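Spelled out from the first residue to the last, the chains are:
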Amino acid sequence: MTYVADVSALARKDLLLELRAKDTLPSMLLFVVSVFVVFHFSLPSGSSDVAASGLLWVAIIFTALLALGRAFVPEREQHVLDALVLAPCDRSAIWLAKSIATFAFLAAAEVVALPVFALFFEPVSGPMLAGVALADVGICAVGTFVGATAVATRARELLLPLLFLPLAIPLVIGGVGASVATDPARYLGFLGLYDLLFALLCWAAFEYVVVE
Amino acid sequence: MIAARKLGRVFGEKRVLRNVDLDVPDGGFALVTGPNGSGKTTLLRICAGLAQPTEGELHVDVSRERIGFLAHDPLVYRELTGLENLELYGRLYRIAERKERIGMLLERFGLWDARHERVSAYSRGMTQRLALCRVLLHEPELLVLDEPYTALDTQGAELLDAQLQELHGARTFLVSTHDPQRVEHFATTGLALA
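Chains as they are written, first to last, in the working numbering: chain B, 4 to 215; chain F, 95 to 288.
Some hints here could point you the wrong way.
Stated by the list, open to error - What follows is a set of in silico ranges between Cβ atoms, one per label pair, in the way DEER data are often shown: (1) F:Lys-100 - B:Val-76: 34 to 42 Å; (2) B:Leu-204 - F:Ala-190: 32 to 40 Å; (3) B:Arg-23 - F:Arg-158: 25 to 33 Å.
To be verified - Listed below are the simulated EDC-like cross-link pairs for lysine to aspartate or glutamate, each with C-alpha atoms no more than 20 Å apart in a straight line: (4) B:Lys-25 - F:Glu-173; (5) B:Lys-25 - B:Glu-80; (6) B:Lys-25 - F:Glu-178; (7) F:Lys-193 - F:Glu-178; (8) F:Lys-100 - F:Glu-149; (9) B:Lys-25 - F:Glu-211.
To be verified - Partial list, derived from the structure: chain B residues whose beta carbon lies under 10 Å from chain F: (10) Thr-5; (11) Asp-9; (12) Leu-19; (13) Pro-91; (14) Leu-170.
The set of hints was computed from the structure by calculation and includes no laboratory data. Owing to the predicted nature of the structure, the values given are computational and were not obtained by experimental measurement. The beta carbon of each residue, even a glycine, is placed where N, CA and C say it ideally should be.
In isolation and in its complexed conformation, chain B is listed as follows:
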């Protein structure tokens, strides 16, 4: 129970910080809507639905990168991570809480993004929605871990996308597959497996990325 209480206190803090500073969510919303508008006018008319599904995933991944790039900024600016690391809570609680907060921001951005996508391109199907939800879990789990690794370095803005984008390729494959395949269950299962495997890895390894 104490683990849940720690995660809850840390996630609540992240949501409160965003509510106060409004640094992340407005820029994510503006970015994702702008991307769809640009794609809408740059694609030739009559482009296939498959191409549209691909564009959705490009938009989601790069919108998530905005959130991940900002995720550890409050900790970095005041070196607060040192104090959190010294606290008696399990260090993985810091990762889990940050992942939950990032998931909340990404989900909020998608609540706006998916209707815009449906308006410009194609209707959002059930399997596509399930694929987005499962991919979000993987994006936030892996991205938060990579973000914590990158935040300790000088080249953090460069390192985050360099580390994150290759790790996100399976999520894009699974997400696009779930959106366009006749049998989406196989791709959804693949996304679920990815989430489980990488969440466990990040949970177990987070302790080692926050101590010098």
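Based on the hints, put chain F in the right spot on chain B.
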């Protein structure tokens, strides 16, 4: 409490700490002095468990939740209020009677009236006082204080003097400072880094 033998730390090509021996018994007060870049902060971070030495041996006989670490930065969130920051740490440290303890510290360090203001609106001195509240909140056995008098005005420095006097002998201290005269009467051990 702390026993270090031939402690060293290298960052890439740069050596910031070399052959440091340090013994601080329970209830002792170790004063670490030295010029900028001599490795004071690195030594304190290693002793607090925030960094690993690359050479030598270190034994710190206290678990990490019993350490209070005051850094150059206050280690508090600027967009939270002073009270919210202490509430967060109070929850993470599972402090019994958290509200009473927080209220007592805020009163003692003169921040009670500013408790609902965001830290971004605090002066540097008020932020340092809040950082001291954070450090003392869980009643640590080992206090690692890096330049604790930084940014404190006369009244704030006197409050810190009184706090050190109260805890002297009952807690173990590892303190770095550029102004050793201020605390040398507390010191039981001295370490001058070159």
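Original post:
Which of the stated hints cannot be reconciled with the structure, identified by number in ascending sequence?
Top reply: 14
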